[in-house]
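One line per chain: the protein sequences are B and S, in this order. Okay, so the first sequence: first residue is 1 according to the working numbering, each after it adds one. Okay, so the second sequence: first residue is 1 according to the working numbering, each after it adds one.
In short, the hints are calculated from the structure, not lab data. Quantities reported herein were computed from a predicted structural model and do not represent experimental measurements. Accuracy of the hints is not assured; some may be wrong.
As the list claims (entries may be wrong) - Capping the alpha-carbon separation at 20 Å, the derived lysine to aspartate or glutamate pairs in DMTMM-like fashion look like this:
#, chain 1, residue 1, chain 2, residue 2
1, B, 83, B, 71
2, S, 56, S, 66
3, S, 2, B, 44
4, S, 106, S, 15
5, S, 42, B, 62
6, S, 2, B, 59
7, S, 70, S, 7
8, S, 2, S, 45
9, B, 83, B, 53
10, S, 106, B, 63
11, S, 106, B, 1
12, S, 42, B, 1
13, S, 67, S, 15
14, S, 42, B, 3
15, S, 106, B, 85
16, S, 2, S, 66
17, B, 78, B, 96
18, B, 57, B, 68
19, S, 56, S, 45
20, S, 42, B, 86
21, B, 57, B, 44
22, B, 57, S, 15
23, B, 83, B, 96
24, S, 67, S, 83
25, S, 106, B, 68
26, S, 106, S, 83
Letter by letter, the chains look like this.
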Amino acid sequence: EPEVTQTPSHQVTQMGQEVILRCVPISNHLYFYWYRQILGQKVEFLVSFYNNEISEKSEIFDDQFSVERPDGSNFTLKIRSTKLEDSAMYFCASSESLERFQYFGAGTRLSVL
Amino acid sequence: QKEVEQDPGPLSVPEGAIVSLNCTYSNSAFQYFMWYRQYSRKGPELLMYTYSSGNKEDGRFTAQVDKSSKYISLFIRDSQPSDSATYLCAMTSNSGGSNYKLTFGKGTLLTVNP
């Protein structure tokens with residue numbers, strides 16, 4: 001069964017460092033998303049991406065964040081200068097079309113020290 | 001008022017029990033309603049997806065939507081220990097410039113005891 005793959009499963013970084021979280025969406029999907037879940041809190045929307053551009057972003061997704069689809073398979077989330085409060089699980093999701101359901105990856109746990 | 005409210009539990013039931021999980025929401029623009037299951041430190045896994053008011057059944061799971069009351073439910077019949085997980089309600093729309101981003105409840109932690 002096709003699945004969304006995320007790497008690494010756990011990333012530890014120092015405050016102020018840049019991190020790149022990677023995702024391989026399901027191959028025929030066209031819409032891509034990043035969500036995050038701080039421990040004990042709700043899953044929150046960060047950004048959606050379609051046709052090589054951001055289609056929607058939340059207030060959380062400030063200038064420190066960027067997304068990219070560098071090739072035909074990968075979808076990345078970059079945090080330029082990590083803060084302690086960026087520590088969370090980051091989930092990538094993809095969907096076939098806008099109103100179709102989103103499939104989630106297993107997540108990357110980001111720990112900022 | 002929060003957009004989506006969900007009782008976080010925890011909820012503990014014996015094996016075989018009927019489980020009822022609920023969410024309320026305030027945004028009448030929500031069009032699609034989902035239930036995801038999330039095991040500890042894993043990604044959300046889609047369980048049920050509904051559009052209209054009414055019931056949708058899939059095996060032991062029934063999703064119910066009441067748009068007039070802004071209330072959705074998930075029922076699990078004959079619950080099994082393997083159903084032990086956190087259940088997240090999620091909803092979405094394309095109104096107000098939203099492109100179907102998901103808005104989640106906080107999740108209800110369910111434990112089914114053998």
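To see whether the hints hold, each was checked on the structure:
At most 20 Å may separate the alpha-carbon atoms for a hinted pair to count; residue 83 of chain B and residue 71 of chain B exceed this at roughly 28 Å. Under the criterion of a C-alpha separation no larger than 20 Å, the hint pairing residue 56 of chain S with residue 66 of chain S is consistent with the structure, at around 12 Å. For the hint pairing residue 2 of chain S with residue 44 of chain B, the CA-to-CA distance comes to about 13 Å; that is within 20 Å, so the pair holds. Between the alpha carbons of residue 106 of chain S and residue 15 of chain S the distance comes to roughly 24 Å, so the proposed pair goes past 20 Å and is violated.
Simply put, residue 42 of chain S and residue 62 of chain B have alpha-carbon atoms about 26 Å apart, too far for the 20 Å limit, and the pair is violated. As the CA atoms of residue 2 of chain S and residue 59 of chain B are separated by approximately 16 Å, the hinted pair is consistent with the 20 Å bound. Distance check on the hinted pair: residue 70 of chain S and residue 7 of chain S sit about 15 Å apart at the alpha-carbon level, within 20 Å; holds. A C-alpha spacing of about 24 Å is found between residue 2 of chain S and residue 45 of chain S, which places the hinted pair above 20 Å, so the restraint is violated.
Note on residue 83 of chain B and residue 53 of chain B: the hinted pairing is violated, with a Cα-Cα distance of about 25 Å set against a maximum of 20 Å. About 27 Å separates the Cα atoms of residue 106 of chain S and residue 63 of chain B, which puts this hinted pair outside 20 Å; it is violated. In summary, the hint linking residue 106 of chain S to residue 1 of chain B is not supported, as the alpha carbons are separated by about 28 Å, beyond the 20 Å threshold. The straight-line distance between the Cα atoms of residue 42 of chain S and residue 1 of chain B is roughly 17 Å, inside the 20 Å bound, and the hint therefore holds.
Of the pairs offered as hints, the one joining residue 67 of chain S and residue 15 of chain S is violated, with about 31 Å between alpha carbons and a cut-off of 20 Å exceeded. Distance restraint check for residue 42 of chain S and residue 3 of chain B: the Cα-Cα separation of roughly 13 Å lies within the 20 Å cut-off, and the hinted pair is therefore satisfied. Taking the CA atoms of residue 106 of chain S and residue 85 of chain B, the gap is near 19 Å; set against the 20 Å cutoff, the hint holds. Of the supplied pair hints, the one linking residue 2 of chain S and residue 66 of chain S holds, its CA atoms being roughly 18 Å apart against a limit of 20 Å.
The suggested pairing of residue 78 of chain B with residue 96 of chain B is violated, with an alpha-carbon distance near 24 Å, which exceeds 20 Å. Simply put, residue 57 of chain B and residue 68 of chain B have alpha-carbon atoms about 14 Å apart, close enough for the 20 Å limit, and the pair holds. The straight-line distance between the Cα atoms of residue 56 of chain S and residue 45 of chain S is roughly 18 Å, inside the 20 Å bound, and the hint therefore holds. Taking the CA atoms of residue 42 of chain S and residue 86 of chain B, the gap is near 18 Å; set against the 20 Å cutoff, the hint holds.
For the hint linking residue 57 of chain B to residue 44 of chain B, the alpha-carbon distance of about 11 Å falls within 20 Å, and the restraint holds. Of the pairs offered as hints, the one joining residue 57 of chain B and residue 15 of chain S is violated, with about 42 Å between alpha carbons and a cut-off of 20 Å exceeded. Our distance criterion of 20 Å between C-alpha atoms is broken by residue 83 of chain B and residue 96 of chain B, whose separation comes to about 33 Å. For the proposed pair residue 67 of chain S and residue 83 of chain S, the alpha carbon gap of about 27 Å is over 20 Å, so the pair is violated.
Straight-line distance between C-alpha atoms of residue 106 of chain S and residue 68 of chain B comes to about 29 Å, which puts the hinted pair past the 20 Å bound. The hinted pair formed by residue 106 of chain S and residue 83 of chain S meets the criterion: a straight-line CA distance of about 18 Å does not exceed 20 Å.
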